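Novice: Chain residues, written in single-letter form:
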Amino acid sequence: MALAAVATAILMTAGLVACGGSSDGSGPRELTFFVAIQPGGTIEKVSERCSKESGGKYTVTPEFLPTDATQQREQLVRRLGAEDPSIDIVGMDVIWTGEFANAGWVEEWKGKLKNQATEKVFPNVIETASFEHNLYAAPFNTNTQLLWYRKDLVKKPPVTWDEMIEQAEKLKEAGTIQVQANRYEGFMVWANALIESAGTPILSGPETVDLEQGPTEKALAVMGRLANSSAAPPGLSTSDEDSARLGFEAGESAFMTNYTFAYASAQAEAPEIGKEMGYARFPRVDASVPSKPPLGGFNLAVSAYSENKDVDFEAAACLAGKQSQLTAVELDGLPPSRSDLYTNKVVTKAYPGFAGLVKESIEGSGPRPTTPAYQDVSSALQRTLHPPEKIDPEDTESIYDELKSNLEAAVKREGLL
Amino acid sequence: MEASAQKAPAVNSQRTQSERKLAWMLCAPAVIAMLAVTAYPVGYAIVLSLQKLDLRFPEQTEFIGLANYGTVLSSELWWMDVFNTLLIMLISVSIELVLGMAIALVMHRAIFGRGVVRTSVLIPYGIITVVAAFAWQFAFAPDTGFVNHLPLIAEDMDWFGGRFSSFAVIILAEIWKTTPFMALLLLAGLVTIDGGLYEAAKVDGASAWQRFTRITLPLMKPAILVALLFRTLDGFRVFNTIFVMTRGAQDTESVSILGYNQLISRLNLGLGSAVSVLIFICVFLIAFLFVKGFGTRLDEGRPGG
Chain A
4 MALAAVATAI
14 LMTAGLVACG
24 GSSDGSGPRE
34 LTFFVAIQPG
44 GTIEKVSERC
54 SKESGGKYTV
64 TPEFLPTDAT
74 QQREQLVRRL
84 GAEDPSIDIV
94 GMDVIWTGEF
104 ANAGWVEEWK
114 GKLKNQATEK
124 VFPNVIETAS
134 FEHNLYAAPF
144 NTNTQLLWYR
154 KDLVKKPPVT
164 WDEMIEQAEK
174 LKEAGTIQVQ
184 ANRYEGFMVW
194 ANALIESAGT
204 PILSGPETVD
214 LEQGPTEKAL
224 AVMGRLANSS
234 AAPPGLSTSD
244 EDSARLGFEA
254 GESAFMTNYT
264 FAYASAQAEA
274 PEIGKEMGYA
284 RFPRVDASVP
294 SKPPLGGFNL
304 AVSAYSENKD
314 VDFEAAACLA
324 GKQSQLTAVE
334 LDGLPPSRSD
344 LYTNKVVTKA
354 YPGFAGLVKE
364 SIEGSGPRPT
374 TPAYQDVSSA
384 LQRTLHPPEK
394 IDPEDTESIY
404 DELKSNLEAA
414 VKREGLL
Chain B
23 MEASAQKAPA
33 VNSQRTQSER
43 KLAWMLCAPA
53 VIAMLAVTAY
63 PVGYAIVLSL
73 QKLDLRFPEQ
83 TEFIGLANYG
93 TVLSSELWWM
103 DVFNTLLIML
113 ISVSIELVLG
123 MAIALVMHRA
133 IFGRGVVRTS
143 VLIPYGIITV
153 VAAFAWQFAF
163 APDTGFVNHL
173 PLIAEDMDWF
183 GGRFSSFAVI
193 ILAEIWKTTP
203 FMALLLLAGL
213 VTIDGGLYEA
223 AKVDGASAWQ
233 RFTRITLPLM
243 KPAILVALLF
253 RTLDGFRVFN
263 TIFVMTRGAQ
273 DTESVSILGY
283 NQLISRLNLG
293 LGSAVSVLIF
303 ICVFLIAFLF
313 VKGFGTRLDE
323 GRPGG
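Those protein sequence lines, which keep their order, are chains A and B.
Per the working numbering, the very first residue in the first sequence carries number 4; after that it's consecutive.
Per the working numbering, the very first residue in the second sequence carries number 23; after that it's consecutive.
The hints are simulated quantities; they were obtained by calculation from the structure and are not laboratory data.
As the structure is a prediction and not an experimental result, all values here were calculated from the model.
Built from N, CA and C at the ideal position, the CB exists for glycine as well.
Some clues are possibly wrong.
[What the hints assert, rightly or not] Some chain A residues judged to face chain B by a derived CB distance under 7 Å, without partners named:
| # | residue |
| --- | --- |
| 1 | I40 |
| 2 | P42 |
| 3 | P88 |
| 4 | L249 |
| 5 | Q378 |
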């Protein structure tokens, strides 16, 4: 039995390899779609649908990348750097666009398909798929973080981080705040959202550090204050999206900033907590300035080393299209990148009562910087500010100077990181 | 062969020479394979390390001499990582030596179930390092682990949230994983000691401790040296456990992780290769110090060695 299964698997793989390179026009073209796995099954479903709709023109086979964003990128850049022709369509995290486009690993979108791919898409999401004003990918799903809180513990959701920390401290043990502060990309997401919310971008161009001192120090003070407060959960400096969700579902926290998946997860895993789950916009840093919540998501690009470029764009446009976006929100709770879908009943069902809030959060979001040296910028920031406990909220000047000089070296890709 | 050539110079010189030639020919495939899989990559890394080379910016490639080495050696990060690596290496290898010796003695003396004892001791070494690292990480995680439920340990202890607690877990995992290897190498040395020596010492009234320090240790010196050398070199290249547990956060980064970050994450082949070449030099130095510093030939005591 087992032997037969192995033999079949080997034969199937051999078949795939044989078909992978075929471009002689006989039979449907085999396209390989490298993308992060979605546990709800979105990717399999949209690949199947688009293959069927192509009417025998192509079939899409998904190839799954690890769940961790850092490892996804490492696998992709290793293959693309080696000009691997086995990748046709790339599921590209919003932060990779500058790097991939600048290195010439992904193709530019033009003409009719470009218009189709960007139709009704949030303008700042189109930005995440663009580099130097050219489009390099079709926006698929986007993502944003909301403030989740316990309605039974908190009467009125806080507007600012300072208010939230005060409320949490008053709640004592039940009142911790869950964020993502392990040393990984999630830490960059958190820091960027705080710095953007305080009123300054990290970069103002691919090689120019902005980081205005006053607002940045305010944002750093928030990180230091939370990390050194009784409102910080145990293990703050090793927390990620999943540990935050688990902590909240275990009833240990009154607040959490996290992506939209957290709602469905709590309803399924901890209904008692789930029914008390309230939502609000990502808190402000400066009471008078609206917050700029994080922006995530995947855009679909065509590999420059694909041997099927003539059909790749069409396939990617289908995989990222309206129908696929609805599948993603239905099966995996991922917010669509098209702004016109937020009144669709599939979306309002996935986000009961807060579809409008998700839309508002995406429209007001502060994306992470776009630069070919993104990896260096993110590593430099993580190295400088992690663990957040080391930031003294009363004296943020020295760490600000360190951050600024490290980022200035990073955009030029200098030094060890 | 050297020795036999000296003993009978003139008479057999023709035969010796042809023997030598045959020996070289027999070795050639292995030498060529070694050159292809080790010398070539090492040489290529040296070439890369002299260039400014970033796969993300291929058009900016240029020859910059030793500048990459300057960048690495003048970076605080490199020296901190060297310190971390040496710390992990020294602590884990010394504890492993003591534990390994104890286990080797037990395995040697085991009267019944010898096979079972030897096999079960080797289990940790048979487990893939990454899997072992994950197992220990889960064990020490505040939410899923059992360690925080043990007596005397705080329930909310965040092991990977501090530098020294992270080191403790990393070193523990390393010791757990490679002590069996140490024990096995030491056992191999132990079995070569002639039992008659112990009998004679006993007759002369030597205590167990005296027998251990006067007979076992001196005769095992080559085996101990080989075991220490292997483990020290391994220890200097520590990667998997740290990669899985902290990915270098909390200042627990080793030099191998540093090289990985430059090469794989940043695709900065120039800087990354410079780090790799420096690691190679360090490993070479460690091996050299061992051989010279301990004043013992590694093959001493081997028949014909």
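Novice: Quick one: which hint numbers does this structure break? Sort them smallest to largest.
Specialist: Those not satisfied are hints 1, 2, 3.
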